[in-house]
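Novice: Got chain A; can you put chain B on it based on the hints?
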Amino acid sequence: MNDIGGGSVLRRRPDVRFRVIDEEGVVVRQSAGEVLVLNDLGTRILAMADGLTPLARWIDSLLGEFDVERAQLERDVVAFAEELVAQGLLEPLPAAAAGAPGSGGGGR
Amino acid sequence: MSFGARFLCHPEGFPQRQAGDAWGDRELTLDLPGGPYRVLGLSAAQDAGVRATFPGSLDAGAASGADGGGSPGAAAIPILLLRRAAGDFLPVDVRGWEYGLDFDWSPAAVRLAGLGLVGRLDWLPDRPGMEGALWTPEDGGERFPGVFENFLRVLVAYRLLELGGAVLHSAGVVKDGAAFLFLGRSGAGKTTVARLSLAQGADVLSDDLNAVIAAGSGTAVGSGTAAGSGTAAGWGAAGASRVAGAADTTATATTAGCAVLKLPFTGDLGERRAVRPPVPLGGLLRLEQAEADALVPLSRAETLACLLACTPFVNRDPHRRERLEQVLLALAAAAAPHAYTLRFSLHGGFWSIIKRK
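Top to bottom, those sequences are chains A and B. Each number in this note's numbering comes from the position in the first sequence (counting from 1) with 810 added on. Each number in this note's numbering comes from the position in the second sequence (counting from 1) with 156 added on.
Incorrect hints may appear among the rest.
Claimed, not checked - Partial pick of chain B residues on the chain A-facing surface, computed with a CB cut under 8 Å:
1) Ala457
2) Leu460
3) Leu464
4) Arg477
No wet-lab data here; the hints were simulated from the structure. A quick note: this is a predicted structure, and the numbers were derived from the prediction, not measured. Glycine included, C-beta positions come from ideal geometry on N, C-alpha and C.
For reference, chain B alone in the conformation it holds in the complex:
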């Protein structure tokens, strides 16, 4: 089936560039990893929907009613909200259906289509960074936050890749000052492990998507801490030092300089409203359900394979595969002493063997 044909009446009419009628004149800034992200052209209802969905990620200026200026020293990634007629979308029976977006990739753009969603990510030759545009028929209401979040998930994944990081299908759990990423696709047991970890007193970042970045990538990554810290400073070299220093103070061994960044993209567990600073990476754990708990070291090749399988959206893009492999190889190398297959039972005893490592 050709690109967009599952969702659009006329996929051949997909917008060739980021242009159209804005929904309104509202704008706000989201401070998420890789950001800030400046959302432009919102209607009042859409503005309220984004604020209600991502309250912990609103830039302090935007939250106080200012113009939503981006983080100092970091150029904001623009996201345009544009109108699209509801009649442009095909009716889709979603019963018993696993939702996945349609993608089309080229060197300078990514096109995506989904339920109530037509989107573009563009890299323009005369401007640094990327730009996003979302065409939707949803003016606020129940469906708009989901449409916007689906677009934002893709945008953040591409932005982090650009900056030397990755968004990973994982349950992110913080215990003893270190973040552990339990890796696996749908059905692997991410939510189960997160729930068992909660019962052991750990914090769950998200049971669905978490971001990770390796030190030395030379990037500035939005801290995602604007509301919490009162500063929206990017997390650059100084931040990396901070993370390394934090690792020194914990009882848990951590990977050299790798940090996990909380995303407000959760499944059943994880507080999307909460913000927190980067947490040093304690380990990568590939999930495997079993009768008894055990840790089996992963080779670098196995770690890379696992990471590749768990990087949504970007891992099927033929134009960015070299970049993705570079980033994940660096992460696999940094995480090597702390990368395992976790065979876990439902008894929740796996934390005792993780601690022993």
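Excised from the complex, chain A in its bound form:
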């Protein structure tokens, strides 16, 4: 299990393609030929996984959009992020690399 928390920085894996169409995200894991469609929240989260923005900032951003307690939102976002990591869509950056130039996501 990945130890993901508010300070974690994640990015889309290099073989992941990501495109937003009508507020839905189309995610392609190219090496496996897998394709997923994400709802608007999933799309927002994947879009924020840019290899620069820590997870706590995702929550700050989402709090303004959803009527939910911060603790609940944090649990949901962390759980979803862990799921995306397990599915091979996101990867956590080592602390030293997080925020370094060129550490942005591999997809769009």
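Specialist: Chain B alone, transformed into the frame defined by chain A:
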């Protein structure tokens, strides 16, 4: 496992370019979507094997014993048949095994390896279009047609992508003058739906692979109608108009200008020998087995995702993904009013709800 290691004794010895000893001096031309395709270097047995496997796709000139000249106005895509020693291939126990080719991609080439098959597709800077080469130890016989078809499937998929089209894992069914593509991977129910459609009086193009192209792609796509029409003219802008016109005469609503092209690549159903002109696309239907029949509209994102999942060979190529997404986005946009998830039962009643749409 590295590229080719499942099939080749020495994958590091994969040919660096399209060169080697031809099997023979026979040649023929296949008029398939994206073509014509000129097959060179065939032995007599291989020549007979290709003719027997794809009789409806032989160029009229080749079928009559001429030199196999390509379609007027369209440069033929060459395919070289070259020798490869049987000892270069590893023995493979295929019992209970799902066959898949090995691929290796680069910006200017695609390499593939399989059972009795070493292949290259190359895009050369000084020539338009692409070129294919197939190295095989099979000189005719039972296995050669399968080896050749496996290579040809990949070549046609890449060629159509180049031209703004796509080969889709689908059952293609023609009903009331429109073609419906039932999309799904192995086990989704393509052959079942095709069989149920046959019982309803529909024609099945193929229950495995069909080609589709969106109007306005600015491409000339081989009609696949050489034997049937006596002409091998490419299907360009005039053809697109023809397709749109044909749609106007049918009772079934069709997507604007998209057309389905029959391929001679079938599973259990579909007549590989038959040829037919492009058919206007009536709808894209993602298959989902269920207790009761229902149609659920697909969003554009869902349509694109479904199309991406159902484009064999090319959808894992990192160097052509941008192109593939462009082509499929155009198709998803054109098909949007007619793209659904089809929840179907085995009662075959789904056609009544498709017609109502």
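Novice: Taking the closest Cβ pair, is arginine 477(B) under 8 Å from chain A?
Specialist: With a minimum Cβ separation of about 6 Å from chain A (threshold 8 Å), the hint on arginine 477(B) holds.
Novice: Report holds or violated for the interface hint on leucine 460(B), using the least CB-CB distance to chain A and a cut-off of 8 Å.
Specialist: holds (5 Å)
Novice: Is the shortest C-beta separation between leucine 464(B) and chain A less than 8 Å?
Specialist: holds (5 Å)
Novice: Can alanine 457(B) be said to touch chain A, with a Cβ gap under 8 Å?
Specialist: Since the shortest Cβ distance to chain A is 4 Å, the answer is holds.
Of the hints listed earlier, there is not a single one the structure fails to meet.
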